[in-house]
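Asks: Chain residues, written in single-letter form:
Protein chains: 2
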Amino acid sequence: MNHNIDRDLFRRIQDRVAIVGIGHLPFAKDIGRPISDTAVEAIQLALEDAGLRNDELDGMSMFEMESTHEVAIARRLGVRNLQWWDKISYGGGASAATLMHAAAAVACGLATTVACHRARNRGAKTARPWAQERELVKDDKALHVPWGLIRPVDVIGMWAHRHMHEFGTKREHFGNVAIAARKHANNNPYAMMRGRPLDMQTYLSGRVIGYPLTLYDCCLETDGALACIVTSVERARDLRNVPVLIHSLAQASGPNPVHLANYNNTPTMETTSVFCAQLLWERSALKPIDMDCAQIYDAFTPLVITGLEDYGFCKRGEGGPFTEGGRIELGGALPVLTSGGGLSEAYVHGFNLILEGVRQLRGTSVNQVPNCKSTLVTGASGVATSAVVLRTE
Amino acid sequence: MNHNIDRDLFRRIQDRVAIVGIGHLPFAKDIGRPISDTAVEAIQLALEDAGLRNDELDGMSMFEMESTHEVAIARRLGVRNLQWWDKISYGGGASAATLMHAAAAVACGLATTVACHRARNRGAKTARPWAQERELVKDDKALHVPWGLIRPVDVIGMWAHRHMHEFGTKREHFGNVAIAARKHANNNPYAMMRGRPLDMQTYLSGRVIGYPLTLYDCCLETDGALACIVTSVERARDLRNVPVLIHSLAQASGPNPVHLANYNNTPTMETTSVFCAQLLWERSALKPIDMDCAQIYDAFTPLVITGLEDYGFCKRGEGGPFTEGGRIELGGALPVLTSGGGLSEAYVHGFNLILEGVRQLRGTSVNQVPNCKSTLVTGASGVATSAVVLRTE
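Note that the protein sequences, when read in sequence, are chains A and B.
First residue of the first sequence: 1246, per our numbering; consecutive thereafter.
First residue of the second sequence: 1246, per our numbering; consecutive thereafter.
Isolated chain A, as found in the complex (with noise of 0.2 Å):
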């Protein structure tokens, strides 16, 4: 690998910059609503939540699915220049990364309070994506698109296939998976699984929906919008809540990424994540070891297994073992997607788990660690992804 590192220049970002506010609008199937208006809703709501004012927002860095032009935003919440916005590529990849983009542009003196949101229509509400390649299908996808891997379900089952047949991976381990975001969700009002159990016998029950993976493996399709706000720490200790210090960073595209389909790679399973897992932990002064809870990106369980592994929680193949006795579970070593996660809180890319690690640093989750002093959040496994670790000061 050829990672370049600097560590005196992101001493710059590391513990100086911090969120401030988030918010969200509740999450639905269809939220009824144009896009636009809740994109702006959860940028305010976020503002409000760190008490600062609409005119004092300087900046934005969203993701590149975004509908909503950043002046079309701006100009509603009433703001007087915007002097810092990009827009980040990889659909779920670019969860944490719009938090680096952001803390960039804090530390540079280039703006000094940053909007990061996902807002998520889903439009028609159609779900037949094999019915959506409309388009010439180029570059990478053109490996294996035509070969039916279109959905990324299809794509992300022969992960799941490959773990098991490679590793003994068993269903049941994810299964573990489903039940503990499930049982996360279950505490959580504003989950869209709230007040369903999963129990295994249900979840090896579940319709296949691309072999191995059925119904439960899955996440939710959900319309949302979310934001956080980010700005310097020493800005943050002057407002309303305790600041949830950015610590480490990283994007990553490794070498030669194959869209979602790197699932016959050699080192066995090395995803785009074990690429920003070396840059996040060689820049972070934590390790692994030092999280108290995790917020992996869940768009089928599978990813939380290999995530485990590409993070450093545990070995390669060892993740269906890590979750075994409760130990991702609220209690355990180290419990995951503590909100209920894009399996049963609700599927934004990814942008749910940075509100929740900022609630678990805060004290403020309904399924809180005790003592919660830091967190990894992370994005989209299979694509050029992104992961942050948050702290407490």
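Hint data in this document are derived by calculation from the structure and do not stem from the laboratory.
Simulated crosslink set (DSSO-like; lysine-lysine; CA at most 27 Å straight-line):
| no. | chain 1 | residue 1 | chain 2 | residue 2 |
| --- | --- | --- | --- | --- |
| 1 | B | LYS1415 | B | LYS1428 |
| 2 | A | LYS1274 | A | LYS1332 |
| 3 | B | LYS1386 | B | LYS1332 |
| 4 | A | LYS1332 | B | LYS1386 |
| 5 | B | LYS1274 | A | LYS1383 |
| 6 | B | LYS1618 | B | LYS1560 |
| 7 | B | LYS1332 | A | LYS1383 |
| 8 | A | LYS1386 | B | LYS1332 |
| 9 | B | LYS1332 | A | LYS1332 |
| 10 | A | LYS1274 | B | LYS1383 |
| 11 | B | LYS1383 | A | LYS1332 |
Chain B residues, not near chain A, derived (Cβ > 12 Å throughout):
| no. | residue |
| --- | --- |
| 12 | TRP1392 |
| 13 | GLY1571 |
| 14 | PRO1615 |
Stretch-level coverage of chain A by chain B, calculated; a stretch enters the list once three of its residues show a Cβ under 8 Å from a Cβ in chain B:
| no. | stretch |
| --- | --- |
| 15 | 1353-1366 |
| 16 | 1491-1501 |
No experiment lies behind these values; they were computed from the predicted model shown.
Ideal Cβ placement from N, Cα and C applies to all residues, glycine included.
Based on the hints, put chain B in the right spot on chain A.
Replies: Relative to the frame of chain A, chain B by itself:
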């Protein structure tokens, strides 16, 4: 205004980050090759110019308009791990902003070697923009598109007309801009208008495109691919070329920007560029008077007149007379668009202006300003925009 400036933090970028490589393919009406190829080749040329290996590249900041994925480019270049990538919106407003984001990445240790580029293929080459508003006209465009201000030239015509009305600006002033750009292009072997001189009589008899603007007030339509490479000044000193330092940078939207159509603002003719200029000069130790030449975004000639005003080379309303007596031509007090610009070299959303700024500071322009030590490069007026001050070490 509410500019939030922290000069101490900005010094992490100021004169600490440099442009070390530039490259571009020949400009053409129809480049005849896939845009994914031309993007890769332009970046490779810029890396070669810098004396860097492809696999040293670890970051990309690009226009939102780019159609080729970062990882598709990185894969073909043999990049091992992208550590930073983002996209910046608002068409030609993004040009200098790509440098700003690259510089922030370098200054925070998030990447060491960042490519900024613009690869433009105009596709079917149909040129009927009034037939291209096929979707719902939303946001600020709904304020003017239904009234017939559809093409950019329609709206900039309104700017020009108001400038003539308010300040007595004459068509000959716009002509001075077109003629200066053309003179410079005539010396530039890469310029699309090389070998095609333009005099005032020809200018004044040009056919009307959007009153009062005629053919010669409008930029070219060009396929092109251009790139530059950004790294730290310490590293730049070990490389092949004289480092071109990034001295000041800004992005700005101003309050309530209206897409191209803020011709009726008060104070008179206040554009997004006014807010960008204020930030840029507040961060800068240099002033407009220190600029040895200027590359001012020139989708249409009136944008150069207002740009000279916005960026402080003259007072509001004096941009027309400023162009008189050869002042903006090579040999004048402030040579403008020394490569020929968008009007006569190539229209590639202003990225050619960055490359020409670099050449002036290296001393390698075909229209070299003697002893050029600093230059301004601006993005598009009328949209949320950006600008950069470059200087020699």
